[in-house]
Amino acid sequence: MSTTISRPPARGSRRRRSSTTDRGFNRVFRWIAVGAGATILAVLAAVALFLISEAWPAIMASPEELASGVPRYPEDTSLLGYLGPLVYGTILAAVLALVIAVPVSMGIALFISHYAPRRLSQLLGALVDLLAAIPSVIYGLWGFFTLAPVLTPFWLWLNDNLGWFPFWGGQASPTGRSMATVGIVLAIMILPIITAVSREVFLQTPRLHEEAALALGATRWEVVRTAVLPFGRSGVISASMLGLGRALGETMAVLMILSPGFTYSLDILAAGQHQTIAAYIAADFPESTGLGVNTLIAAGLALFVITLAVNMAARWVVARRKDFSGAN
Amino acid sequence: MAQRIDTKDLNIYYSSFLAVEAVNMTIEPKSVTALIGPSGCGKSTFLRTLNRMHEVIPGARVEGHVEMDGVDLYGPNVDPVAVRKNVGMVFQRPNPFPTMSIRDNVLAGVKLNNKRISKSDADDLVESSLHGANLWNEVKDRLDRPGSGLSGGQQQRLCIARAIAIKPQVLLMDEPCSALDPISTIAIEDLIGELKNDYTIVIVTHNMQQAARVSDRTGFFNIAGTGKPGKLIEMDDTATIFSSPAEKATEDYVSGRFG
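Line by line, the protein sequences are chains F and X. For the first sequence, our numbering assigns the number -16 to the initial residue and increments by one for each residue that follows. For the second sequence, our numbering assigns the number 186 to the initial residue and increments by one for each residue that follows.
Everything labelled a hint here was simulated from the structure, so no lab data went into it. Incorrect hints may have been included.
[What the hints assert, rightly or not] Not close to chain X: a few residues of chain F, all C-beta gaps over 12 Å, as computed:
| no. | residue |
| --- | --- |
| 1 | Gly67 |
| 2 | Ile83 |
| 3 | Asp112 |
| 4 | Ser119 |
| 5 | Ala201 |
| 6 | Thr202 |
| 7 | Leu212 |
| 8 | Phe214 |
[What the hints assert, rightly or not] Pulled a few chain F residues facing chain X out of the computed Cβ check, cut under 10 Å:
| no. | residue |
| --- | --- |
| 9 | Arg10 |
| 10 | Ala99 |
| 11 | Arg101 |
| 12 | Pro189 |
| 13 | Leu197 |
| 14 | Pro213 |
| 15 | Arg216 |
| 16 | Ile220 |
| 17 | Thr272 |
Every value quoted in this text rests on a predicted model; they were computed, and no experiment measured them. C-beta: ideal position from N, C-alpha, C; glycine also.
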């Protein structure tokens, strides 16, 4: 049965042409392409090697050594126990940002690609791209000075009235310098990339599939649901992963807004509960030496592993339904 | 389950460009009407006005009337979505939804508009629709496989099954065999012969033998030149069109002297 299902040839099955057909720029181009591909692998390997070798002393050190060599390191804590809350904070910030940004981005992308009049959609598209051009330090300033004060009354209200909900408990921060505010700023920061990629994917929906849905009596939303969204599914996942990557690694905005802490708390409205790896490294790097630097790099290694794992998980999700992807 | 269609002085525009001019045509129920003519003469454009599919192109509009059993499809209270539920369409290239299984493809139209359908009803409908499209025996063991895994001819029959699953009155076919090999073409033509027992069928085709084989009535469209509107030159019983047409242009076209 599987023989009737045409698949694109697997990457590895492409054979090298005999070298007699290689002439002129063809050969040059091949080396450029191979070189570019190899560079990616080399850079990735170099980064991984650097992280592992530099983190090694911290990984091997005993809790006593760490406590004496690293500033503000708590007594009797293993390296994993020390980095755990940071990993948690990083993932919490990124997930919050993604949960807010993905639905909004898809809404904007669908509006631009399938609902807005052409002129409006071009303007909107340009505006969204402009959002991406704002440096993260500006987002940090804006979040600290403008967004946090604006959101604080709302956070306090949530905390007072819906405090029984796990995320909204604890002592809400009166300054708004909490994970909730960070999540919103990060969401705004990753919005442009997710929107831009999703929009392009939605615009690529084959006209034939949209017409198939229309001819069955589909409304505009049903065309989106039956033809556009299924077609764009893997693209939206890729877009979200790009956004997630940025949210995981974002440093400045988090550093400026968040009041840091080292707990596994769920209370995203409270101050002094969470910290992300990137912001932690940036904050502590200037005053670290020796084992302190090794510890920071161990945290960086953890971030590297998280990002890699997230990307592989996303690829797995996309590949799981390959037969139904529309690529065959 | 079949209705007649009358068009009266139908002009079709793309923005200010008049693409098809003054079509008066009667399409009989439970028959096959073929539309032939050279490329760009407006056959497909005309076909798409019969289920208001041309409206999805920005700037496209019509003047005149398209009446189905006396009801104007372009009346002020008519919802194009309802029109398209009544008038099914099969396209030039097979277009099953690639992300859906064969079964879900057949049910795609039925599940629109939040309609619920019980599993046993759905099973029956899938089986009867696929039977109706002469595809059941080929796919009954793999209803959960993607529709895009089928051959081109099978995909086109899947699209026909999808179209008839919503029980339309009329079935429009826009060159349904142009992307298919001869064997698959024969399968579709046989199917058209069976479908006309239940549906009013309008088929656009570039293949004059096909028009002669499958249709009861044939309309010949022609165009005077680039930029000029297409017109319905002549419409008559298929046998008459291919043996003794009234117009010289029709005779030239069907005998292969031009076009």
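Numbers of the earlier hints that this structure fails to satisfy, in rising order: 5, 6, 7, 8, 9, 10, 16 and 17
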